[in-house]
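Undergrad: As they're listed, the protein sequences go chains X and U. At position 293 of the first sequence (counting the first as 1) the number is 293 in UniProt numbering, and the numbers step up by one without a gap. At position 40 of the second sequence (counting the first as 1) the number is 40 in UniProt numbering, and the numbers step up by one without a gap.
No lab work stands behind these hints, which were simulated from the structure alone. Among the hints, a few may not be true.
Listed next, with one range per pair, are the computed distances between beta-carbon atoms [to be verified]:
1) U/4 <-> X/204: 44 to 50 Å
2) U/27 <-> X/42: 35 to 41 Å
3) X/194 <-> U/3: 30 to 36 Å
4) X/119 <-> U/6: 44 to 50 Å
5) X/140 <-> U/31: 55 to 61 Å
6) X/42 <-> U/80: 50 to 56 Å
7) U/80 <-> X/9: 51 to 57 Å
8) X/140 <-> U/9: 57 to 63 Å
9) X/271 <-> U/4: 35 to 41 Å
10) X/95 <-> U/1: 55 to 61 Å
11) U/53 <-> X/81: 58 to 64 Å
Subject to a maximum C-alpha distance of 30 Å in a straight line, what follows is the list of computed BS3-like cross-link-like pairs (lysine-lysine) [unchecked claim]:
12) X/195 <-> X/45
13) X/295 <-> X/195
14) U/30 <-> U/4
15) U/53 <-> X/292
16) X/195 <-> U/53
17) U/53 <-> X/221
18) U/64 <-> U/53
19) U/4 <-> U/53
20) U/67 <-> X/195
21) X/45 <-> U/67
22) X/292 <-> U/64
23) U/53 <-> X/45
24) U/30 <-> X/45
25) U/30 <-> X/292
26) U/67 <-> U/30
27) U/4 <-> U/67
28) X/295 <-> X/5
29) X/195 <-> X/292
30) X/195 <-> U/64
31) U/64 <-> X/45
32) U/4 <-> X/221
33) X/292 <-> U/67
34) U/30 <-> X/334
Glycine residues also receive a C-beta, built at the ideal position from the N, C-alpha and C atoms.
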Amino acid sequence: MATIKQNIPNAHTRILGIGAYRPSEIVTNDDICQWIESSDEWIVKRTGIHTRHRAPQDVAVLDMAEHAAREALANSGLTGDQLSTIIVSTVTFPYLTPSLAANLADRLGATPAAAYDISAACAGYCYGVAQADALVRSGDSTNVLVIGVEKLSDVIDNTERSISFLLGDGAGAVVIGPSDVPGIGPSVWGSDGSKWDAIRMTHPLTDIRAVEEGRERTHAKDLVDPETGQMRPDATLWPTLRQDGQTVFRWASWEGARVAQEALDAAGLAPEDLAAFVPHQANMRIIDQMAKVLKLPESVIVARDIAEAGNTSAASIPLATHRLLAEHPELSGKPSLQIGFGAGLVYGAQVVLLP
Amino acid sequence: MASKEEILAGLAEIVNEETGLETDAVQLDKSFTEDLDIDSISMMTIVVNAEEKFDVTIPDEEVKNLKTVEDAVNFIDNAQA
Chain X
1 MATIKQNIPN
11 AHTRILGIGA
21 YRPSEIVTND
31 DICQWIESSD
41 EWIVKRTGIH
51 TRHRAPQDVA
61 VLDMAEHAAR
71 EALANSGLTG
81 DQLSTIIVST
91 VTFPYLTPSL
101 AANLADRLGA
111 TPAAAYDISA
121 ACAGYCYGVA
131 QADALVRSGD
141 STNVLVIGVE
151 KLSDVIDNTE
161 RSISFLLGDG
171 AGAVVIGPSD
181 VPGIGPSVWG
191 SDGSKWDAIR
201 MTHPLTDIRA
211 VEEGRERTHA
221 KDLVDPETGQ
231 MRPDATLWPT
241 LRQDGQTVFR
251 WASWEGARVA
261 QEALDAAGLA
271 PEDLAAFVPH
281 QANMRIIDQM
291 AKVLKLPESV
301 IVARDIAEAG
311 NTSAASIPLA
321 THRLLAEHPE
331 LSGKPSLQIG
341 FGAGLVYGAQ
351 VVLLP
Chain U
1 MASKEEILAG
11 LAEIVNEETG
21 LETDAVQLDK
31 SFTEDLDIDS
41 ISMMTIVVNA
51 EEKFDVTIPD
61 EEVKNLKTVE
71 DAVNFIDNAQ
81 A
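Only chain U is shown next, with the shape it has when bound in the complex (with noise of 0.2 Å):
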């Protein structure tokens, strides 16, 4: 089971491979639209990606509440769970 750090650095990684943002920019408390400019399509896909990477299930209709990358990584912490 990975730890937060783990997931955000996981998480990081899979925002630059689909956005060639510098994960660097990836951090906590950054929404995903509003400062990494990440539209619904590539959201989906980072979302998609996240599920293999940590062995979770985010469903469709919890996209849209995962807003900062806090979000997400909390969300992925708690259904790892």
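Excised from the complex, chain X in its bound form (with noise of 0.2 Å):
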């Protein structure tokens, strides 16, 4: 019988350059306090956010995207047709199908490259990131760029207190290819869709077809009015944002730190060993509550990036980790632990070096 051959594997991986786009729109707390009845004060003591970014109504998902995968490309000092996958996470390209990936392989002079989007939330970029890693060593992928993209902007309502002033959009890239050392340690990645609707969108879009055939739409919780029961008057067509702020400030400072801790360990090392703690950039208290949880230590530095971008979704950690080096470049080369979670709820993290 004849014998598949497989691919020879390569033995190590690591982030070869990375790339970022903050769109040039930038909204500050005394903005969103035209939207709700809140103060500058209110926002940065439970948020720690001042400003975040917002791109304007001509700047689409793609072309953020384009823009932090060219400088990382030029940073790894690749070329388009050198990738052999493009991995996109987003919740908000705005076509179901095809992906924002295959269209930017396009753009980037990519193609053949295998290209496709992955739908994890705020975990998304890890999610890339443990996928390009296992496709490299794998022998499947020789360079692989991870993006993670949003323009939140789109799906948010200004008027509604739970998530919508936290969030800004813009663009994070990196790219991952074959290394002499270990540069990726092992990602610890899971879910939990038991807290399914703690993150969530106010109802689905078939809502907004249903309505066009005369059909009843989703009697949504969100927006129902609880004192009549009744649909409020307000609720929009297009479905936006909504979570439950305690259930997931609760879910991820601890149960994030746990997660966290075991990506440490799974890469073999202590808090010391580490350079630098990139989390997702959700709300300045969760990072203060992990980090202590953590007990890192003061050399640690700690990825603060949510203070300028409010919070970014999939783009937040590869954001948070450009200005880390654009600030710091002495952690070139260190390792640092990321961790990303969100809706589903979902997470995912790993030690990575620094590129």
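Join these two chains into a complex; the hints should help.
TA: Laid out in structure tokens, this is it:
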């Protein structure tokens, strides 16, 4: 019987280069207070956020991804045609199909690279790194572009108070390829669908069609007036994001820290071996609580890009890493613990050598 | 198993650690939000620390019912039983 030939695996992988894109429009807390009754002080105290970037209407998710990708490629010393795979994590590409990744591959001159999008919300970048690491080590791919990109301003309702005021737009990208030394630790990733609606869209897209066809739309809990039980008159047909803040805070801070610890243990490192900690930039209070639970020594630089960028979901870890490297170039080549967590609920973490 | 007095004293320590409030300020009739100015995120931190200290489970959906310090002491007391 003939024997199937399998790829020769690569022993090690690492991040070769990184890129980022921050849209030009800056939304301050005072701007937010036009839409909700709040104050700069209240928002800063509860979230640590001072500003967030939001993309103008004529800047598409694809444009943001391309900007970040081009910088990551240049930073890696590679060109688009040297990519074998493109993985894009996003929940805001406005087409259910085809993927953003395939369009991006064409723009970057990467055709015929394998290209696909993944839906893992704020854990999406770490999910992408887990896949890229596995693809390169297996020998199925050589250089993999991983992008986290979000235009969350398209899916928020500025007048609601649970999540919209936290969110910003942006893109971050890395190229992952073969390495002589171990540069990506084992990924610890998973999900807890019992909390599927802790971070959610108000209602399904199919409601738009239902209304068009004269059928009744979903009696979604976020759109119902609790006193009357009737749909609120201002309920939009376009679905927007909501979250149960306390549930998410508790899960992210303590379960998230447990996952981050597992990733650290899996990499065979102790907290003092780390140079940086880059958690998903969800809320400064979660970042602080995680760092406390993990008992990180003061020598570990904690990414706090959220103060300026807000929460950019899948883009937040590469954006925050990009900033850390700009502000602390000495971190290049040093180990960083990264963890993403979000809607699903899903989580993913790994230790990486910074590019 | 902790007595109600011990639960109150333990809660006061947890509140002090989270907010810096004097332990004496944490009295049974005080509202967490109105009197002690504890926001929803600090409340969750207090809840998680209380779970650990008293070896009880306080579900997320229960937290909104814990309006006063007494509510929390009674919940923890019942949960221990």
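Undergrad: Given the hint that residue 30 of chain U pairs with residue 4 of chain U, does the C-alpha gap stay at or below 30 Å?
TA: holds, 16 Å
Undergrad: Hey, residue 64 of chain U versus residue 45 of chain X, does the alpha-carbon distance stay inside 30 Å?
TA: Within the cut-off at roughly 21 Å; holds.
Undergrad: Straight-line Cα separation of residue 295 of chain X and residue 195 of chain X no greater than 30 Å?
TA: holds, 27 Å
Undergrad: Between residue 45 of chain X and residue 67 of chain U, does the CA-CA distance stay at or below 30 Å?
TA: Distance of about 21 Å is within 30 Å: holds.
Undergrad: Are the Cα positions of residue 195 of chain X and residue 53 of chain U separated by 30 Å at most?
TA: holds, 25 Å
Undergrad: Check whether the Cα positions of residue 30 of chain U and residue 45 of chain X lie no farther apart than 30 Å.
TA: Holds, at about 22 Å.
Undergrad: Below or equal to 30 Å on CA atoms is what counts here, so check residue 4 of chain U against residue 67 of chain U.
TA: holds, 17 Å
Undergrad: Would you mind confirming whether the straight-line C-alpha gap from residue 53 of chain U to residue 292 of chain X stays at or under 30 Å?
TA: holds, 17 Å
Undergrad: Run the distance test for residue 64 of chain U versus residue 53 of chain U: straight-line Cα separation, threshold 30 Å.
TA: holds, 20 Å
Undergrad: Straight-line Cα separation of residue 295 of chain X and residue 5 of chain X no greater than 30 Å?
TA: violated, 47 Å
Undergrad: Given the proposed pairing of residue 292 of chain X with residue 64 of chain U, does the C-alpha separation stay at or below 30 Å?
TA: Status holds; Cα separation ~25 Å.
Undergrad: Confirm or reject the claim that residue 95 of chain X and residue 1 of chain U have a C-beta distance inside 55 to 61 Å.
TA: With Cβ atoms ~58 Å apart, the hint holds.
Hint check: violations occur at hints 2, 6, 17, 28, 32, 34; the rest are consistent with the structure.
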